[in-house]
Amino acid sequence: MGIRERLSGNEAAAIAMKQINPDVVAAFPITPSTEIPQYFSSFVSNGQVDTEFVAVESEHSAMSACIGAESAGARAMTATSANGLSLMWEMIYIASSLRLPIVMSLVNRAVSGPLNIHNDHSDAMGVRDAGWIMLFSETNQEAYDNLLMAHRIAEHKDVQLPLMVCQDGFITSHSIENIELLEDDIVKNFVGKYKPEHYLLNDKEPIAVGPLDLQAYLFEHKAQQAEAMRNAKKVISEVAKEFEKISGRKYEFFEKYKLDDAELVIVCMNSTAGTTKAAIDELRAQGVKAGLLKIRMFRPFPAEEVAEALKNAKAVAVLDKADSLNGCGGALFEDVISGMYVSNIHVPTLSYVYGIGGRDTTVNDIKTVYTDLSKVVSSGNIDNPYRYLGLRK
Amino acid sequence: MSNLIEIRWHGRGGQGAKTASLLLADAAFNTGKYIQGFPEYGPERMGAPITAYNRISDTPITVHSNIYEPDFVVVVDDTLLDSVNVTAGLKSDGAIIINTTKDGEELRKSLKGYTGDIYKIDARKVSMETLGKYFPNTPMLAAVVKVSGIMSEEAFLEDMIGSFKHKFAKKPEVIDGNMKALEMALKEVTKV
Numbered sequence: 001m002g003i004r005e006r007l008s009g010n011e012a013a014a015i016a017m018k019q020i021n022p023d024v025v026a027a028f029p030i031t032p033s034t035e036i037p038q039y040f041s042s043f044v045s046n047g048q049v050d051t052e053f054v055a056v057e058s059e060h061s062a063m064s065a066c067i068g069a070e071s072a073g074a075r076a077m078t079a080t081s082a083n084g085l086s087l088m089w090e091m092i093y094i095a096s097s098l099r100l101p102i103v104m105s106l107v108n109r110a111v112s113g114p115l116n117i118h119n120d121h122s123d124a125m126g127v128r129d130a131g132w133i134m135l136f137s138e139t140n141q142e143a144y145d146n147l148l149m150a151h152r153i154a155e156h157k158d159v160q161l162p163l164m165v166c167q168d169g170f171i172t173s174h175s176i177e178n179i180e181l182l183e184d185d186i187v188k189n190f191v192g193k194y195k196p197e198h199y200l201l202n203d204k205e206p207i208a209v210g211p212l213d214l215q216a217y218l219f220e221h222k223a224q225q226a227e228a229m230r231n232a233k234k235v236i237s238e239v240a241k242e243f244e245k246i247s248g249r250k251y252e253f254f255e256k257y258k259l260d261d262a263e264l265v266i267v268c269m270n271s272t273a274g275t276t277k278a279a280i281d282e283l284r285a286q287g288v289k290a291g292l293l294k295i296r297m298f299r300p301f302p303a304e305e306v307a308e309a310l311k312n313a314k315a316v317a318v319l320d321k322a323d324s325l326n327g328c329g330g331a332l333f334e335d336v337i338s339g340m341y342v343s344n345i346h347v348p349t350l351s352y353v354y355g356i357g358g359r360d361t362t363v364n365d366i367k368t369v370y371t372d373l374s375k376v377v378s379s380g381n382i383d384n385p386y387r388y389l390g391l392r393k
Numbered sequence: 001m002s003n004l005i006e007i008r009w010h011g012r013g014g015q016g017a018k019t020a021s022l023l024l025a026d027a028a029f030n031t032g033k034y035i036q037g038f039p040e041y042g043p044e045r046m047g048a049p050i051t052a053y054n055r056i057s058d059t060p061i062t063v064h065s066n067i068y069e070p071d072f073v074v075v076v077d078d079t080l081l082d083s084v085n086v087t088a089g090l091k092s093d094g095a096i097i098i099n100t101t102k103d104g105e106e107l108r109k110s111l112k113g114y115t116g117d118i119y120k121i122d123a124r125k126v127s128m129e130t131l132g133k134y135f136p137n138t139p140m141l142a143a144v145v146k147v148s149g150i151m152s153e154e155a156f157l158e159d160m161i162g163s164f165k166h167k168f169a170k171k172p173e174v175i176d177g178n179m180k181a182l183e184m185a186l187k188e189v190t191k192v
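In the order they appear, the protein sequences are chains P and E. Counting with this note's numbering, you get residues 1 to 393 for the letters of the first sequence. Counting with this note's numbering, you get residues 1 to 192 for the letters of the second sequence.
This is chain P alone, in the form it adopts within the complex (with noise of 0.2 Å):
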């Protein structure tokens, strides 16, 4: 039965890993999730796992012993933010187009500059096509919930990718909270051991591992690799079904709340969605068919689906908490309207940029762009398509 806990988001990152014990961890700290590796080396010290962790010297490196040992054939993690993110660039692409099932949670912070170190989504933006699944998670208990899930999909078969696990910078990442972990051997059964198929240290197979790849082939193995994200979707709602077997939760691509008739729609991702649950509340209490669709997993990003469930609304308002700086829209905007377009489906959307740097964004924040959804409704204008939520004027 599920343990009752109250945990910071990082403890709860910390404590999945824990109980996946993986072969390696190489990481470098960078707030706010330098609790994470400083957590899992507390862990190493006290033989709670027989990790190899590597206190590497930058992020570059963190990715590049990541990705050495995956190739070598074992379970490799880390964990990062923004500029951290930043200088792994490099390696974020190699990792992924080796197919190489590294799992990272990824604490998100918006990158330099100037330097800020609070929340907001501009670190996960910046990799959004570097070909690495990513999930996104409201609360600690997601931010839990999917690194359990995280091996079970990365290193499926017909997968084989990279996966990052975010959460909002100190928002989740250090607020104390309720959760409910599973038993370690229930984590260890559903996990399972790594049973790479091709790997450097099988002295039976001899194999290069990221030789030059020009005119011939590069393309082909491209065009694997999106295959590889397509068929994530199919393993994603598999495993997430045998996750809610053991723990109760369901997940799926996105959460629906108080979806099915509702009028006016906020998209958005990580912990806004649960600030905008309340408002939704308070909103329905007032006669207002207010809902909410949370993304969670934004790569590969379900576009059908996402169409379908908002093909009833009247008007839907998408939030990102990254400006794309294009002069149209935020980068989960651009993915819903070109979901809904490729789906021939019409509905008024609005893109809000916010929370940007930490500014906080409240319940009463989220409401006044309900408001601004029921004006769209009832004027059949919208104006503005590119909007800001709680810039200041």
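These are computed hints drawn from the structure, not numbers from a lab. Fair warning: there could be bad hints in the mix.
[Unchecked claim] Calculated cross-link-like contacts (lysine to aspartate or glutamate; reagent style DMTMM-like; alpha-carbon spacing at most 20 Å):
1) Lys-241/P with Glu-252/P
2) Lys-167/E with Glu-5/P
3) Lys-367/P with Asp-122/E
4) Lys-167/E with Glu-35/P
Given the structure of chain P, go ahead and fit chain E onto it with the hints provided.
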């Protein structure tokens, strides 16, 4: 969410306001509540004003934002009364709990226009008498439990023994003093 209690802590870096908010979350959790305990991270340094928060509820808490309309405010250092608007948004039926030796009239004057309940405690005296050092957060923790009625004093004290045993595993000699600080603070906090 009518059972939701929201608390805002004001302290100075190094006084343990963040730790106190986490200990309060711990204690409430152990009585079966849903809890949040989180600091507002700024440019944190010794002596700088810091804020920490608690949400405590019988039902799951989904909101993830700072607290702007608290039920209770705890001021760990009364020099903050001159520089921080500690009663901002404080509910009229709530209360503020201040670590101070000032009298009621002085306090009302520095809380310009605030008409709600004020509680005070001399946490320095409590801490010096029980711990021999100035750690205001332990007495303030007991004070907020007493004033808010989040849990019974007995349940709180019983739970805190466990928490201190865990927190001070490497220096068990301070556990007794901390327990005495809590017990004394429960008696010392008074309504102004």
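Here's how the hints hold up against the structure:
1. Lys-241/P with Glu-252/P: Judged against 20 Å, a Cα distance of about 9 Å means the pair holds.
2. Lys-167/E with Glu-5/P: holds, 16 Å
3. Lys-367/P with Asp-122/E: Distance ~42 Å between Lys-367/P and Asp-122/E Cα, so the pair is violated.
4. Lys-167/E with Glu-35/P: holds, 17 Å
Against the hints set out earlier in the document, a violation occurs for number 3 only.
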